[in-house]
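Protein chains: 2
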Amino acid sequence: MKVLVLGAGQLARMMALAGAPLNLKISAYDVRSGNLVHPVTLEVLGQGLENGIADTDVITAEFEHIAPDVLSICQASGKFYPGEEAILTGGDRRKEKALLDKAGVNNARYQVIESKDDYDAAIATIGLPLILKSALDGYDGKGQWRLKPDSDLDAIWQDIDQFLKTSPQGSRQCVIAEEFVPFDREVSLIGARNAQGKLEIYPLTENIHTNGILSVSVAAGDDDAVQSQAEAMFKAVADALNYVGVLAIEFFDVGGTLMVNEIAPRVHNSGHWTQQGAEVCQFENHLRAVCGLPLGSAKRVRPTAMINIVGEVTVPTDVMAHAHVHWYDKAPRPGRKIGHINLCAESAASLGDALDTVSQHLADDEFPALKPAADSLR
Amino acid sequence: MKVLVLGAGQLARMMALAGAPLNLKISAYDVRSGNLVHPVTLEVLGQGLENGIADTDVITAEFEHIAPDVLSICQASGKFYPGEEAILTGGDRRKEKALLDKAGVNNARYQVIESKDDYDAAIATIGLPLILKSALDGYDGKGQWRLKPDSDLDAIWQDIDQFLKTSPQGSRQCVIAEEFVPFDREVSLIGARNAQGKLEIYPLTENIHTNGILSVSVAAGDDDAVQSQAEAMFKAVADALNYVGVLAIEFFDVGGTLMVNEIAPRVHNSGHWTQQGAEVCQFENHLRAVCGLPLGSAKRVRPTAMINIVGEVTVPTDVMAHAHVHWYDKAPRPGRKIGHINLCAESAASLGDALDTVSQHLADDEFPALKPAADSLR
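Respectively, the protein sequence lines represent chains A and B.
Residue numbers for the first sequence follow our numbering, beginning at 746 and rising by one.
Residue numbers for the second sequence follow our numbering, beginning at 746 and rising by one.
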């Protein structure tokens, strides 16, 4: 069976590696070059989306910021999973918030902002502080604002107004204002849903970010009540989308009550630990779902942590004596994810010890989340 | 780092899949076509051994029946691990038996047969029954004889004499006569040795053959004393060869005493279970060893069994709900290994149950070893 992935990055690469033992042939459509490539070897296999669609059985995606015309062409083929609506929803904060409301899952209060009146109404109704984010992908590093009681609200509005007027997405773009959630931690849930609505859901992972980029994910066991909340919301969202494939949901944990932050209609960085820690990893389960094959067990085999390798950091090979290193065959660049490290142990406490051992081979300033993560487990 | 594998079959394929996360670029030299190919995509990357050697950092092999001139060219490059002598030893029963004697490990009594006098001497000294095997690869299905008390010894000698005179390998060929060993079971040990002599050894697996082809391998825990015997012999053999890479040793178990049957200087079919059952699989550990990277742990994570998929059998996708299926992207042909199934469980008994569950999806006549293997674990 052949699978075409929209996007040729590390997620497509890891799908290809997970799919090879299933005799699945994965190719990737590089949306920038228009080339069809093998996502591991980068061999150019052809040119053009239409050719890619004609020569595949199934289409899926590794990211959600994809041009609507590309999505609608894929949808028209009848081969696209999780499909146009799910990808559009993942890439558009307005649609995403509407979905969360429709599915009846707990999420932060919000207001859509398209005008100065909307802006004033958000401030009046929700109150400060407020987090404002562009609904679609931002550009030039813009697309996010924070309103505090002492902010210059008029100046920020001028900036937002300018942003909306010059947005490459035109009138599809808007800004979503959300209440500030004072969360205790961020957790995420990854799961697969097949075309018959069957679910295989992994245990929650706790995510630690550094400079806004995922740094460490730990799947070491969570409270059953919290896991149940997350699974109920996962089912509500996945069913509302009639979702097929792996879906990721990020939550804020506020005193044991979960609130959906955002969804990603794809395999997700916080699910990379499943490669060593779960019975069947997220990449294989995504392929199984979109190809109509039986889902595999999402059971956790043992406590596992994932450490992202971001930018121009040094990872000595000594780390391999203790852990599984997954490189993405990418040149290091500041802020770029170029690999990750998976680490397994028999218990949460020994996972803490293992994280500490690995941290001794890595520079504190390059991996600042590591020692706190280790300490929190011991 | 680049690695060239001599041979482009499933073992090279699984090395490439295990090596990709380490950013190792694996190419394969197809000894029949002379092509350099990617062992997963089969993309032709070039032509000719010399070009392959010039464009790689490390050379290794996926099989031992390789022409001596190919091996000596690889050896001369200084990049070849485990190297010419190890591969020649694995492919030549005469060298192999000499190595086992030199290493001082228990193995069946034998005699080299190059003439009628040798033949008569073997019968007189070792006695009947005797197993005779060609030292090098046989041809036309020939190369193995069994001498029983009622055999026509002269007729068999005529056949052997003819075999030796027409052997494509000329005077390098001979026949090894070995005592018949009434073994209770066959077990094998896989391990990695690096250039500094450090070892990582997997637990023993018990192997069940059907029609002379490995059918089921079970790594469900073995007697510590038996494991220790096997490890001591492994170390003696690996040290004697100054071995670098993964080495497999097959043993006869005769009432709890192990006797080396044969060695394979490479990753081995009876080690495929390590992909799901061990901390770091044999393919990755072989690459780590030959590339001078730290070895990974060979610890068994949980009881695991491997079922070979051989020839034109039917494997319904339902099996995937219970197990890991690894296909080799090969067309089915009688006797050809085209994939395998890995199955994990919490205990030996539950592994027996899991084998039984899988056996219900597979035909008894196509997988005859499955139910007995399940029963022996429960």
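These are calculated hints, taken from the structure and not from any lab test.
Just so it is clear, CB atoms sit at the ideal spot from N, CA and C, and this is done for glycine as well.
Among the hints, erroneous ones may be present.
Simulated restraints on C-beta separations [said to hold, decoys possible]:
| id | chain 1 | residue 1 | chain 2 | residue 2 | range |
| --- | --- | --- | --- | --- | --- |
| 1 | B | Gln-1105 | A | Ala-981 | 34 to 44 Å |
| 2 | B | His-810 | A | Ala-981 | 56 to 66 Å |
| 3 | B | Ser-822 | A | Lys-887 | 30 to 40 Å |
| 4 | B | Gln-1105 | A | Lys-943 | 17 to 27 Å |
- Message: Taking the earlier hints as the rules, which of them does this structure contradict?
- Response: Going through the list in order, the structure violates hint 3 alone and respects the others.
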